[in-house]
Amino acid sequence: MQEVTEQKKEYVPTIVAFCCNWCSYAGADLAGSSRLTYPANVKIIRVPCSCRVNPMFVLKAFQRGADGVILCGCHPGDCHYVTGNYYTRRRMSLLFSFLNYMGIEKERTRVEWVSAAEGAKFSAVMNDFAKKINELGENKRLQDLRVKEERDE
Amino acid sequence: MNKVEELIVKRARELLSSKEVDKVIGWKKGEFYFDPSPAVFTSEEELKDFVYNGFCGANLSKYLVQELKKGGKIAVFLKPCDTYSFNELVKEHRVDKNAVKVIAIECQGKLDIEKIKEKGVSAVTETEENGEEVIVSSLYGSAKFRKEEVLLEKCLTCKSKKFAVADETIVVNEMKETANDRFSGVEELERMSEEERFAFWKGELSKCIRCNACRNVCPACTCVKCVFDNNASGMATKAPADTFEEQMFHIIRAYHVAGRCTDCGECSRVCPQHIPLHLLNRKFIKDINRLYGDFQAGEADEGKNPLIEYTEKDADPTAAVNGEVRHA
Amino acid sequence: MTKQNQIENITRLSGTDPKKCMKCGKCSGRCPAYKDMDIKPHQFVMYLEKGKIEKLLASKAIWNCLSCMECVERCPRGVAPAGVVEAVRDTVKRAIGGNGIKAEDIPPIVDEFIPQQLLVSAYRKYNK
Amino acid sequence: MQRIGVFICWCGSNIAATVDVERVSEAIKSEPGVVFSANYQYMCSENGQQLLRNAIKEYHLTGVVVGSCSPRMHEATFRKAAEAEGLNPYMVEIANIREHCSWIHKDREEATEKAIILVRTAIAKVKLNAPLTAGESPVTKRALVIGGGIAGIQAALDIAEAGFEVDIVEKNPTIGGRMAQLDKTFPTLDCAACILTPKMVDCAQSDKIDILTYSEVEDVKGFVGNFKVKIRRKARFVDETKCTGCKICMDNCPSKKGLNEFNMNLNNRPAIYIPFAQAIPNVAVIDPEQCLKLKSGKCGLCQKKCGVGAIDYTMTDKIIEREYGAIVVATGFRPINIDKFNEYGYSENKDVITSLELERLMNAAGPTNGVLLRPSDNTHPKVITFIQCVGSRDLTDCGKPYCSKICCMYTAKHAMLIREKYPDTEVHVFYIDVRCPGKNYDEFYRRACEQYGVDYIKGMVGKVYNQNGKLMVQGSNLIENEQVTIPSDLVVLATAIEPEPSVRKIATLLTASIDTNNFLTEAHPKLKPVESPTAGVYLAGVCQGPKDIPETVSQASACAAKVIGLLVKDSLKTNPCVAQSDESMCNGCSQCANVCAYGAITYIDKEFRLGGGKTETRRVAYVNPAVCQGCGACTVTCPSGAMDLKGFASKQIMSEVEEICRK
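Residue numbers (my numbering), protein chains in the order written: chain Y, 2 to 154; chain S, 154 to 481; chain R, 28 to 155; chain P, 65 to 727.
Here chain Y stands alone, though its shape is the one from the complex:
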């Protein structure tokens, strides 16, 4: 674990990106092989389909101190599993709207459709999202403070 230095470093937000295996993860791979950069604080978790992402994963991320959570899936109609992302779309629409209702900034959550051919889009989306999260700064509203304490010890 890193030690807290006396000098206050600029805050680097943590961003969790869930990517479906068939489109968005491949899109991220294409962004890589095309050398299209995006900030290093974006970390990708591979899931078979965007519909595998349980709202609890999103909440868990925030609990553990993530500052932004983004889900990427195949474009609607192109889902490898035919209908998976249609369910994702409804679930996350309702969840994100609800989180905003609880007072969580709506820019902290996002769903984007990125195909396996859209390396450029993947990179653009991540740059944009990271920029927004940077502007928002640290997520203080939906964070388990004990996790922070553990970390600061």
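Hints in this document: simulated from the structure, not taken from any laboratory. Some clues are possibly wrong.
Claimed, not checked - Derived BS3-like pairs: lysine-lysine, alpha-carbon spacing no greater than 25 Å straight-line: (1) P:Lys522 / R:Lys82; (2) P:Lys678 / S:Lys378; (3) R:Lys79 / P:Lys522; (4) P:Lys285 / S:Lys457; (5) P:Lys678 / S:Lys226; (6) S:Lys223 / P:Lys670; (7) P:Lys678 / S:Lys223; (8) S:Lys466 / R:Lys47.
Since chain Y is already given, all that's left is putting chains S, R and P on it; use the hints.
What follows is chains S, R and P alone, placed relative to chain Y:
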């Protein structure tokens, strides 16, 4: 004894004596007039304690889940809003409708003893509904209130006086639909800024003591094992340690019942800390109506809820959250 | 008004998206006033799509169109050529500020058998 | 105790140039559970794999993390290497430190830090991995083909050729389908019957093919390799085994006013009939709606006349049940109903006909014995006008939004055949576009114009009306910018085609998805064009999308190849990363089955011990691992969390989240 109660008890007696049913689920006299509680009656003698008065707000549908496991045919008395919960339980195979006789009963809105106490009336001995007025008798005399002053929160914004299911009905007086908009509370919050909303919920939810009353009373919460009790879920928690966990618990609970919640209002009614939990569920209901078209859970005992449905033209989450879209 | 504004204005007034036209010509195949029109129904849509506003504004056909809506009815792609004609007509009328037919001037014999849309377009079309 | 080995790949300089691989493997060494950490130039090379295998052996590794390129590249490679050393392949996880790290970050410090986090995340996951074994399910070596048109016939013949048994279920009394109704076929103009009927005969003669005509699929249970299908054999009232097809019954039937469906209702047939001369099976059938004996009990002539005693008026529908390993859907198409297109006056004018009706009017076995006579007065039409795109590419309520694909070519064919047979006939064709991609297709169309002098008019028809016995066709000529009116004797409408409506029921039975136009959806539009998303179900012909005969035959043969590939296996290996329901927590609420696109989830009543000698019977979900594709949609729908996905379990993903957020 009021007329409706008379008819209900008479019917319960008939059903038990004719052995048409083995059990009746209703309300039983409590220590006081104002604290009747749900109860199972298996014999005619037991029916002497049966009550149906202004304080029978409890939704009996959920009790069927456990009682049916013991076998036999059951008659249950359901108020209009309770019938929706019943249908939802049938839809999810929690209740076998063939083993149940649903007797739909009149409801003019149920009373909130806390509100009456706040008005300075204690030791209530009887209440009488008289149109838009309620006469409350107590050991110390009687008082008259306008109905909306003393109704339960859930009854102030009653969603419908229609019975979603009924094998038979016991209705003496006409039931009037409530004019109140049940989404006005949600809208009020939506108008606030994100900071204000967060402050509001932080204030409300930090009152939570995780007594699980909301979960235990909720007819949609009938899981054999709740995620919060399941170690494999990664979400298992017992008591709340801080505001985060209260938020987490209530967010997930509201999400899990989204599309299945009939808005029966039991969660708010039973919350000992008076947290307006219905405002959480109604946000989901309101968003579902806005994005996917009007949907009332429990209107029918089959079909899909909006979260296990989709159309190709559904809104994208960003547009949905920004409120830019509306169901055509 | 710039030309781009005019294009946008006419497109908006017409309530139709000219890009949806697949150029089958069914509108002109059906049009009962075809012979009298210097610009044909399908050309109205095409000129709007290509932004040839001058041609549209100079057309005489806007005064020959019967507003029978057959072209709208028959279009397989949901385009409304008559809507474009109407939009051009409106634009021209507004520019010259002419006064159209008044309701009182309609002879009483023309009663409920006449389509309302025809009456409306007649009010706009004819100078007294 | 977990013993995890971590291998960081340099990928030459692809990773090593930006990520300090040495520092990564050093940093990882101190992670709990890690007993081995190394880096190597090319992990995917023979030597790299050997390094991995040696470490598994030497350090008794229980889990492996490779920090390398995308798992989409080499996950399979490393899993295979691990398996060769006796480690369960699903105990290997990949940290993608190339595509997701070294290639996109320039700052070495930043990239190294990120690589460490990514590797740690993979370690967190692998710690919760469980060894997974691909299941096996046996394969019933028999195929079912639904639909006996050219698609079904071709698929069945190919499958039978490979030595597998195959049943064709056809709802009509004969196989042959739409192709049997056609006169000639484009672009070669050989007669449809001449090329189709030999194939029909082959089917009948094959000892591997069982033809079940006048039958419909009633119910489908099971999954890939193990379908159980109920087939309704409709009462034919004629014993198929006895009837010789002599047609004496037809000649003697007094009820002759039935509409002849095979001839597009252009003439009549008796109540007992054989649809056409080359029908397979060549066996009569009684139309119960029309038969006097069945309706009123009075007649029985056919039974008296039948020399072999094949007629049985007491016959009833029978349900048979059979098992199959694979199913081919080839339900075909029909022309759409064009009554609502009043601009073309189809319902008012007998001489406005559809192209399929024209096929019958030109067919030697048709109602006019192949002489082109117009229906109203049986005279030779002198001016014939064709209208293309009737109902195709049409967004109104009456039409279909798609291009029906075959109309341009068959219209050119009709125009050409008419000009060839009746050179004094004038032929006009109204078109929006002429779409003739395909080998020798455009040449064919050009021949109609250049060699046969067919008048193609670019424009659409707005109105067809009858004026003194002439059909006035009013339309646009867009090239000349004119409105033209052509007085015609016969108007032929190139009517759009739509999937045979019975496909809806079949799609539901098979849990095969269907699009808004009722076409069956393929598993992938480019790479799996003949597979349905439901494993073991394949699509041939127009049920999947508009197509012509050569394409249909190709697709049918492709289906057959897929079916044969499936049936040669004795058992199927299943993807082990599938959903599984924890019965002790399942509520049986059915929400999961509702979102499953594959119909993999069923419910069973299961008895649970409650202790104290008590038991409880509960409805619980059961996921069929042979059918589940592992998307995870059900896991999120499940409120209690009873449903989880192997290989991507909730706990695993949560631990990845935690690791990423660990700062």
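We went through each hint and held it up to the structure:
| no. | hint | result |
| --- | --- | --- |
| 1 | P:Lys522 / R:Lys82 | holds, 24 Å |
| 2 | P:Lys678 / S:Lys378 | holds, 19 Å |
| 3 | R:Lys79 / P:Lys522 | holds, 23 Å |
| 4 | P:Lys285 / S:Lys457 | holds, 22 Å |
| 5 | P:Lys678 / S:Lys226 | holds, 20 Å |
| 6 | S:Lys223 / P:Lys670 | holds, 16 Å |
| 7 | P:Lys678 / S:Lys223 | holds, 11 Å |
| 8 | S:Lys466 / R:Lys47 | holds, 19 Å |
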